[in-house]
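Peer 1: Take a look at the letters that make up each chain.
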Amino acid sequence: MKNTSLRVRLVLSGLLSGSLYILLFVDAERVLHLSTRTDGLYFLMPVAIALAFSLAHGAFTGYFWEVIGIKPKHAHVKGR
Amino acid sequence: MEELTAHFIDLHAANVLFLFLVGFVGGMVSGFIGSGGAFVLTPAMMNMGVGGVVAVASNICHKFPKALVGAYKRHQYGQVDIKLGVVMAVAASVGVWIGADIQHAIHAAYGKAGSNLYVSSAFVVVLAVVGGFVLHDVVRIVRTGNRHSEEEKTSRLARWVQSVHIPGTMMQFRTAKVRVSVLFIIPVGIGTGMLAATIAVGGFIGVPGMIYVLGVHSLVASATELVIAFIMGLGGTIKYAMHGLVDIRLAMIILAGSLFGIQLGAIGTTYVKPYAVKLVMATIMLIVAFSRAMMIPVYLTQLGRMSLTEKTAGFLSGASFMLMVGALLTGAFIIIGAMVRGHRDHKLSLKTAEEAPE
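Chains A and B are the protein sequences, given in the same order. Mapped onto the working numbering, the consecutive letters of the first sequence carry residue numbers 178 to 257. Mapped onto the working numbering, the consecutive letters of the second sequence carry residue numbers 169 to 526.
None of these hints come from the bench; they were simulated from the model. All clues stand as given, with none of them false.
For lysine-lysine, the following DSS-like pairs were computed, each having C-alpha atoms within a straight-line distance of at most 30 Å:
no., chain 1, residue 1, chain 2, residue 2
1, B, 251, A, 248
2, B, 345, A, 248
3, B, 251, A, 250
4, B, 519, A, 248
5, B, 321, A, 250
6, B, 515, A, 250
7, B, 515, A, 248
Computed far set for chain B versus chain A, every beta-carbon distance over 12 Å:
no., residue
8, 214
9, 275
10, 278
11, 279
12, 290
13, 309
14, 335
15, 336
16, 339
17, 368
18, 462
19, 473
20, 478
21, 483
22, 491
Note that beta-carbon positions come from the ideal geometry of N, C-alpha and C, so glycine has one too.
Required output: the full structure, derived from the provided sequences and hints.
Peer 2: Take a look at the structure:
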């Protein structure tokens, strides 16, 4: 049951991440033009795009390693 | 738009795949030691025809979301000291400012070749000294048979720093488990920022500085470096974006690979001993120092202080770039090897625990 839910999350985050990449590259020239404008608040566009991609693609890559069985060992940093 | 076409390149499948792969390997190293990859990405993009400043801007733009994901992941493992990261980042911002001013002054006085010579010399001197020091510590750990220990011996300098109490300046860091005066953190942070402004990888001073000067555990230092990289990267991206220099396509392609890598590197830290972080750091630093040393005769020739044939200069440039890629790959192999061994030991210990009589 847990594995199914994890796979659903992987697929959903993968779709979201994939959609963002399609949106970026389907009209890359326009996105590039807008994100390199130096007037107004356009300078925030690269920051916003990077943050959106980090959330969607970050979630996808996290689930990806978990689904294929690469998980962290419960870690504690030992004191000195 | 005319200016744009001069700066931004057309993308081809081979370029995209190469950036994705370098992003992945660089991300893995960053997730493990807190920094790395940037020193290969900027020259790699420039080799593709991307203008230097656009390469730097796009590199920084992929760096801050990558560091954010890495910091979040390692925070989940209890390795990040956010307070220390923020204090270091504030000091590092001052360092970036000083470092950038020095860069501008050298560029104004000696031109592009002089600036390149300065950057390469900084690479060689800083990485050889700091990398040599870290390697010396790695050799000591191996000799004393403490490779498999979770505990770390605090350096003599860090013990002294922690013993100095300056009223009104003391700060307690809970995750790092240290109490030190902010007056010692500031120079380490400024050094980190100055190196970041010079060679784009501040972590080569930040992480060893936190370990050997402040007495922070290796795993906490490398994880906290990601907080510093996030804050500095965000500031740097805004600065470059205000001048319209970020190629968001390049940044997001690198990010696609690096987010796979950073998660893997972060998971790796939960399986390895602190010794592995130091080993990867020392190996990468020393190979990169050697790689940049190979470029010094090329820049001296450009400044008219030496004489090399065009063929020799071309060979040295190519060999230097390949060595940098080699440094990253060597780091990645050590990380994967350490992870596999750590995972196998962990499984073995679980099996032994299961089989042990109640």
